Every structure is written in structure tokens, then in C-alpha cells.
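Numbering (the UniProt record's numbering), first residue to last: 1 to 119.
Listed next, with one range per pair, are the computed distances between beta-carbon atoms:
id, residue 1, residue 2, range
1, Val109, Ser29, 12 to 22 Å
2, Glu10, Val35, 19 to 29 Å
3, Val60, Asp112, 27 to 37 Å
4, Gly83, Pro38, 14 to 24 Å
5, Ala8, Ser73, 33 to 43 Å
Calculated directly from the structure, the hints in this document are not laboratory data. Given the structure is predicted, the values throughout are model-derived calculations rather than measurements. C-beta atoms are modelled at their ideal positions from N, C-alpha and C, and glycine is treated no differently.
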Amino acid sequence: MSATGMAAAERLLCASAELQEGGDGIRFSVMRHGVEEPAFVVRYRGTARAYINRCGHVPVELDWQEGKFFDLSGNFLICAVHGALYAPESGRCLGGRCSGRGLTSLVVVERDGNIYLKE
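Could you put the whole structure together from the sequences, leaning on the hints where they help?
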């Protein structure tokens, strides 16, 4: 198969300007293993980061209000149900009831003023 035939498809998620540093995230959904799953994208340290919207402790969505993924400091992703903290740059569990289980990351790219999901 040629290199172009193997290129991943991209789906537009939002305009870059919609994601502010440590601010609200944008929710979307992805198909994984034949199941539609909630996901989100946020901006942290200037980079867009995307994850499946599921706590590492139990399968609940993280945001306490739609798009509210960061704690009050804007430095950590937090599960509103359990208070588990995650590193925004990696999804790694930092503490709380995530028991070392981090978030599942998704690949996004930022180009020409937009953020795209690599599918």
C-alpha cells in the first residue's frame, strides 16, 4: 500500500481560538471498537490535547459541567465525581481514586487555525 493510502483521516473538531489555555474543553465523540465514546480536547501549555472522556477509576465522564475538565487552578484535569487528578499533557494519573490508571489519549493536530482529530 502506498504512503498516501495509509494516511489517517482527519476530522475537524473546532477552531483553535475556541480552546483557551486551561479553559473549557470541547466535547466530541469517537468510534472505538464499534462503540461511540465521549471524548474531549483541551489546551494546555499551548498544545491541544485530546482524551476519551472516562475516569480511570470507574467509567464516568470527567466534566462536572459541560466542558469543565480542569480543576480551579487550570493545571490539572479532574474527575468531578471522584476528584482524581490527571496530568493534562499526558493523561497520567497524579492522585485520587484513579489508582494509577490514566486517561486514554487521542491524536490531534493543530493546523491553519483549526484542531483536527486523527482517525
